[in-house]
Amino acid sequence: GAVVSQHPSRVICKSGTSVKIECRSLDFQATTMFWYRQFPKQSLMLMATSNEGSKATYEQGVEKDKFLINHASLTLSTLTVTSAHPEDSSFYICSARDLGGRSTDTQYFGPGTRLTVL
Amino acid sequence: DAKTTQPPSMDCAEGRAANLPCNHSTISGNEYVYWYRQIHSQGPQYIIHGLKNNETNEMASLIITEDRKSSTLILPHATLRDTAVYYCIVRARYTGTASKLTFGTGTRLQVTL
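The listed protein sequences derive, respectively, from chains A and B.
All residue numbers for the first sequence refer to the working numbering, where the first residue is 1 and numbers rise by one.
All residue numbers for the second sequence refer to the working numbering, where the first residue is 119 and numbers rise by one.
With the rest of the complex left out, here is chain B:
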């Protein structure tokens, strides 16, 4: 799997949009960008994934640059409950062997009042 680079920490005021960047300059053509988050002492929670088009669901939006070398996860209206470590992971899908998720150190997002 390609490696990703994320800032170690970010702060965001409650109610504002949180924009979490991720660099994945060595991503391959068949690799998707996945985002997970981990709230303290819980298992990771799936947020969203995409290949090259921007994606939106009830939790967040994912913006992928045209060259696919970077992406941004957007939480449109951050709340205190969004405080967590956010992981950006690239992996291929539907490969013959199980597609492993390799977790880096992620971005620790602190949402404040």
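Excised from the complex, chain A in its bound form:
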């Protein structure tokens, strides 16, 4: 299957600082990427859909000014958590939509980023 990477895999920051997470599709181009959040013992919750060259679409209840998404190229999307607070501590996972080849519109996920805000 296609490969999606995330960086960093783990980050610890102080309350009030901003953190940027990168998501890259390594062997395919992704016009659409997705950002999810997962709290302990819960399922994945979609935060936003990121389309290359346009503004992201946020799910209801997700603050777009707090979670800034940029999808500047067909292989890179970034999520910036601004003014992070302890309640933002979570597991953030991206996925990239592969429309080509034999995968025929399948989403592939990155390994996730564990954010801890002190």
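Keep in mind the hints are simulated off the structure, nothing from the lab.
Fair warning: there could be bad hints in the mix.
Said to hold, decoys possible - List time: in silico DSS-like cross-link candidates among lysine-lysine, alpha-carbon distance up to 30 Å:
id	chain 1	residue 1	chain 2	residue 2
1	B	K187	A	K55
2	B	K121	A	K20
3	B	K218	A	K41
4	B	K187	A	K64
5	B	K218	A	K66
6	A	K20	B	K218
7	B	K170	A	K14
8	B	K187	A	K14
To be verified - Some chain B residues flagged as far from chain A (calculated, every beta-carbon gap over 12 Å):
id	residue
9	T144
10	T201
11	R211
12	L219
What the hints assert, rightly or not - One-sided excerpt, in silico: chain B residues whose CB lies under 8 Å from chain A:
id	residue
13	H158
14	G161
15	P162
16	Y164
17	N171
18	N172
19	K218
20	F221
21	G222
22	G224
23	Q228
Remember, predicted model here, so these are calculated numbers, not experimental data.
By construction, the Cβ of each residue, glycine as well, lies at the ideal position given by its N, Cα and C atoms.
Start from chain A and add chain B according to the hints.
Structure of chain B alone, referenced to chain A:
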């Protein structure tokens, strides 16, 4: 997207086949059945997907009933590394808007010695 129903947990002995059921009684004609799994503290891993025919790949087989209201994911020879939460998701493909994946609670498969 149509909703799915999965048992919360299942056990399977190593080396035996693991059969994970999923009900999707309200699936639409253009919606596919996708299976992903999530091993602890990792991102979900794509396993397989299908529309109405049975599908097989190097990881698993997917059996979809003729009325498409349910399906079964089969791991033919489960190993300890298959211990994970398995998610059954239905979604349309190639839609004008991005086809979102909506994750339910999945089935926690525990493979034991």
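Consistency of the hints with the structure:
1. Under the criterion of a C-alpha separation no larger than 30 Å, the hint pairing K187 (chain B) with K55 (chain A) is inconsistent with the structure, at around 36 Å.
2. A distance of roughly 33 Å separates the Cα atoms of K121 (chain B) and K20 (chain A); the hinted pair therefore is violated under the 30 Å criterion.
3. Taken as a hint, the K218 (chain B) and K41 (chain A) pair is honoured in the structure, with Cα atoms around 22 Å apart against an allowance of 30 Å.
4. In summary, the hint linking K187 (chain B) to K64 (chain A) is not supported, as the alpha carbons are separated by about 37 Å, beyond the 30 Å threshold.
5. Straight-line distance between C-alpha atoms of K218 (chain B) and K66 (chain A) comes to about 22 Å, which keeps the hinted pair within the 30 Å bound.
6. A C-alpha spacing of about 23 Å is found between K20 (chain A) and K218 (chain B), which places the hinted pair at or below 30 Å, so the restraint holds.
7. Under the criterion of a C-alpha separation no larger than 30 Å, the hint pairing K170 (chain B) with K14 (chain A) is inconsistent with the structure, at around 50 Å.
8. At most 30 Å may separate the alpha-carbon atoms for a hinted pair to count; K187 (chain B) and K14 (chain A) exceed this at roughly 49 Å.
9. Taking the minimum C-beta to C-beta distance to chain A, about 19 Å, the non-interface status of T144 (chain B) holds against the 12 Å cut.
10. No Cβ of chain A approaches the Cβ of T201 (chain B) within 12 Å, the least distance being about 16 Å, so the stated non-interface status holds.
11. The claim that R211 (chain B) lies off the interface is violated: its Cβ sits roughly 4 Å from the closest Cβ of chain A, which falls inside the 12 Å cut-off.
12. Under the 12 Å C-beta cut-off, the non-interface status given to L219 (chain B) relative to chain A is violated; the minimum distance is some 6 Å.
13. The restraint placing H158 (chain B) at the interface with chain A is violated, with a minimum CB-CB distance near 11 Å, outside the 8 Å limit.
14. Because the beta carbon of G161 (chain B) sits about 4 Å from the nearest beta carbon in chain A, less than 8 Å, this interface hint is met.
15. Given the 8 Å rule on beta carbons, the hint for P162 (chain B) holds: about 5 Å separates it from the nearest Cβ of chain A.
16. At a threshold of 8 Å, the smallest CB-CB gap from Y164 (chain B) to chain A is about 5 Å, leaving the interface hint in force.
17. Look at N171 (chain B): its Cβ only gets to about 14 Å from chain A, farther than 8 Å, so that hint breaks.
18. Interface hint status for N172 (chain B): violated, as the beta-carbon distance to the closest one in chain A is roughly 17 Å, over 8 Å.
19. Contact between K218 (chain B) and chain A, as hinted, is supported at the beta carbon level, the nearest pair being about 6 Å apart and thus within 8 Å.
20. Checking F221 (chain B) against chain A by beta carbon gives a least distance of about 4 Å; that is within 8 Å, so the hint holds.
21. Hint status for G222 (chain B): holds, given a least beta-carbon distance of 6 Å to chain A, under 8 Å.
22. A cut of 8 Å between beta carbons decides the hint on G224 (chain B): the least distance to chain A is about 7 Å, and the hint holds.
23. For Q228 (chain B), the interface hint is violated, the least distance from its beta-carbon to any beta-carbon of chain A being 15 Å, above 8 Å.
Checked against the numbered hints given earlier, this structure breaks hints 1, 2, 4, 7, 8, 11, 12, 13, 17, 18 and 23; the rest are met.
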